[in-house]
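Can you make the complete structure from the sequences, with help from the hints?
Residue numbers (my numbering), protein chains in the order written: chain W, 1 to 332; chain U, 1 to 282; chain X, 1 to 255.
There could be a bad hint or two in this list.
Subject to a maximum C-alpha distance of 27 Å in a straight line, what follows is the list of computed DSS-like cross-link-like pairs (lysine-lysine) [unchecked claim]:
1. W:K110 / X:K91
2. U:K176 / U:K153
3. X:K210 / X:K199
4. X:K228 / X:K63
5. X:K71 / X:K171
6. X:K71 / W:K110
7. U:K153 / W:K81
8. W:K11 / X:K91
9. X:K63 / X:K171
10. X:K71 / W:K11
11. X:K147 / X:K131
12. W:K11 / X:K228
Just so you know, the hints here were simulated from the structure itself, not pulled from any lab data.
Owing to the predicted nature of the structure, the values given are computational and were not obtained by experimental measurement.
Listed below are the residues making up each chain.
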Amino acid sequence: METIRTLFSPKAVAWMLVLIAAIAVPPVVGGYVTSMLILIAVWTIMCFSMNLIFGYTGQLSLGHAAFLGIGAYTFSLITVKLHIGFWPAFVIAVAFTGLVAFLVGIPALKLRGPYFILVTLGFAVIVGVIVLGWIDLTGGANGLFGIPRPNPIPLPWGGTLRFDSLLSMYYFILFFVVLIGVFCHRLVHSLVGKRFIAISYNENLTESLGVNTMSQKLLSFTMSATLAGIAGVLYASYNAVISPELTHFARGMDVVAYLIVGGAGTMAGPIVGTLVLMTVPEVLQILPYLKTLINGIILMLFIIFLPNGIIGWFNTNLGRRITLRRTVNGPA
Amino acid sequence: MNGVSQGCVYILLASGLTIVFGILNVPNFAQGHLYMVAAYLGFYMVMSYGMNYWLALVLATFALGVFGQVIYGLVFYRMRNAPEVNLFVAAMALLMVLEGIALYFFGASTKWFLIPFSRRIIAFAGLALPLQRLIVILGTLVVMVMLQLFIKKTAIGAALEATAQHREGAMLCGIKVTRISAMAFVIGTGLAGIAGMLIGPAVLLEPTMGMGPLLVAFSAIVFGGLGSIGGSVLGAFILGLVESLASGYVSAKYSLIFVFGIMILMLLFRPKGLFGREVWRP
Amino acid sequence: MALLDVVGLTKMFGGLTAVSELSFDIQPGELLSIIGPNGAGKTTLFNLLTGFYRPTSGTITFKGIVITGCKPYQVTRHGMGRTFQLTSIFKQSTVLENVMIGKSHHAAVGVLGSVLRTPATRREEQKIREKARELLSFVGLGDKENKIAGGLTEEAQKRLSISMALATEPKLLLLDEPTGGVNLEEISGLIELVGRIRKSGTSICLIEHKMRMVMSISDRIVVLNYGKKIAEGTPREVANNNEVIRAYLGARYAA
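Have a look at this one:
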């Protein structure tokens, strides 16, 4: 049980405010901003996913665009072509993505450093090739359409919760963002999470302490990919249409950029990074196909000069007072 | 024939990758895109400005070499003390930048790179050999021979090998490791440039043409053995043939999967590759 | 039965033979020291014993079980712990967290329990925390548990790395130059710690260069040179061995 003190700590208050803003803002701004926020929410989930495997376990996977795509396409295929209901399809698609990740992870995680990165990149490219090429299954470049929204949920006090409107989809996806955020927060602060972090600092040392690093990495990788799968399903359901563009490897790199700019290995990093790198181009009205170029340049600048990202910089420079207070007041 | 010339492209790219990876310990993810940029550069120089092909080849290679030097100085030199992961991210960022440039400047359209040689076919011993493909093969041979001579016979080449084997040791011997690193990067990008210019006239130029060869080149390095140029050459050759055969007998679209699959198998059962040295663990 | 039995251990890196036909054993409860000039293969030996390198040939038997070819985490779970020559700790975590990682493979925690913060998981984590605290006070770092590990002195970091290895509950502890970079006053403190570890029932295999220390605390010594064993025996036997004297070019007793 959190003590009253921790519930009102500066950090907790800040998060509460962010949550309140996230809930209260969309009804008052227009549909355009809300649809932007939906996309930001989806990519934030992707960023949480990347944070788990890269920020906290130290393995740079460039293949997560593939898992987004697998989640999205599996969901779309079984709802559109097999007419399976929304919720079962959700679960099946996400489970399938996790399974694929598990199978890919077994050989891939045996490799260290650059080899792992290149294998995941290769995986992303190959999935892209398959999605584009297997026209009978995936519709090729035309993609799939007619992907359903969640089924209406009957409420206990009468009436139904319908998901036809933009706003309802927003809250639906926001719900998952919060859920996944809490999941990651709890995981990272637990002993299991500390093990992941240990692996990211020094894998050999961690292994010499008796930890089966391979199984831990596989666990992190699978969970991370499952989150990406969830993001895929949510996107597909929201957009009603998906195309191979979704699985392009550059999408996975965009997510890495969001993460590093925001701050890898922090809780707020994914949110801040995604928010900044997705809204600024919109505000400046930059053409969509310049996005990858700009993300690349910004990432380059950050990785050279500010590798810990915005939140990382914040933590080092302004967080010192806060940490001091925590060790004096709070328990370990 | 196509398989052999394609294999030559992989040989050049793989050699570039090996050299950069051996000395900087960074896999240059952008190698494929550099090759693509060179091909497009050459296209514009020859097609839009009517430049002589050979001149364009030299210029494009030179341009890529200069670009390599610039990137090394601006990025990798600054990051020489950063944790390894950051360098990988920087290499990835480079790939993103080039991908963005490709999409923006070259658009999604494909281009035919035509020069006097492209269409000419030589009849030789009853076979019809496209001249450009021959140029690719011969060109690769010339380049690889020169590279070997450079590495084995010159002092700088020896310094290169020394740095690749033991960075601290080379520093202790007075070798200017940062200069060597820069040179390695320049050679890497230069090789990508040559590859692009050689094969350009023979194939359809697309902004996406870089990724496939990158993965094959990387597979070749793993297959042939880390740290060994000879190994990666052999690997590139073999995998080039595999790709050709897969294209022909199974499907052109999915040939990459075969190549990649073989690399995965090699990684699982013999991580050293065919000729590689044992991977040190600290 | 010997606690550790090494027979014919050989390791070649390409053309270089790092360890050649090495055979020795460690009896339960003893402190065996491995000495030899730099490059003799001592750390390579530790890497072979703990599974970081695969032997080219030879067998390693621990507690009667053949562990040749086991992965490092398996070797640790069999009961062999180690420290590293280059002090290996998690510099960015707190001292307590460092030791908790060492204990973590004994913890019955899982993802679901961690995320839902079930009472069982919280109890496990508390248990681990308590055990980690015990270990820290055992090595004399009890008052530093919330400090960031990277900020400790070299000697304290060595103690920390020892406590992390102890967290894995080893029957045999391999210590790779535990007094490296430590000044003369602090050495006796570490020697005392090693003594206490022995008393608690853990056998020790020590790599050290400080001859006085080695001679005074070892039960037996194995001397390596160029990857081969050139002498083995009690400190007195080894000190009088001509081969050893020659290898060290007249090494003396000065630490």
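To see whether the hints hold, each was checked on the structure:
no. : hint            : in the structure
1   : W:K110 / X:K91  : holds (25 Å)
2   : U:K176 / U:K153 : holds (19 Å)
3   : X:K210 / X:K199 : holds (22 Å)
4   : X:K228 / X:K63  : holds (24 Å)
5   : X:K71 / X:K171  : holds (18 Å)
6   : X:K71 / W:K110  : holds (12 Å)
7   : U:K153 / W:K81  : violated (64 Å)
8   : W:K11 / X:K91   : holds (25 Å)
9   : X:K63 / X:K171  : holds (9 Å)
10  : X:K71 / W:K11   : violated (42 Å)
11  : X:K147 / X:K131 : holds (18 Å)
12  : W:K11 / X:K228  : violated (59 Å)
Checked against the numbered hints given earlier, the structure breaks hints 7, 10 and 12 and satisfies all the rest.
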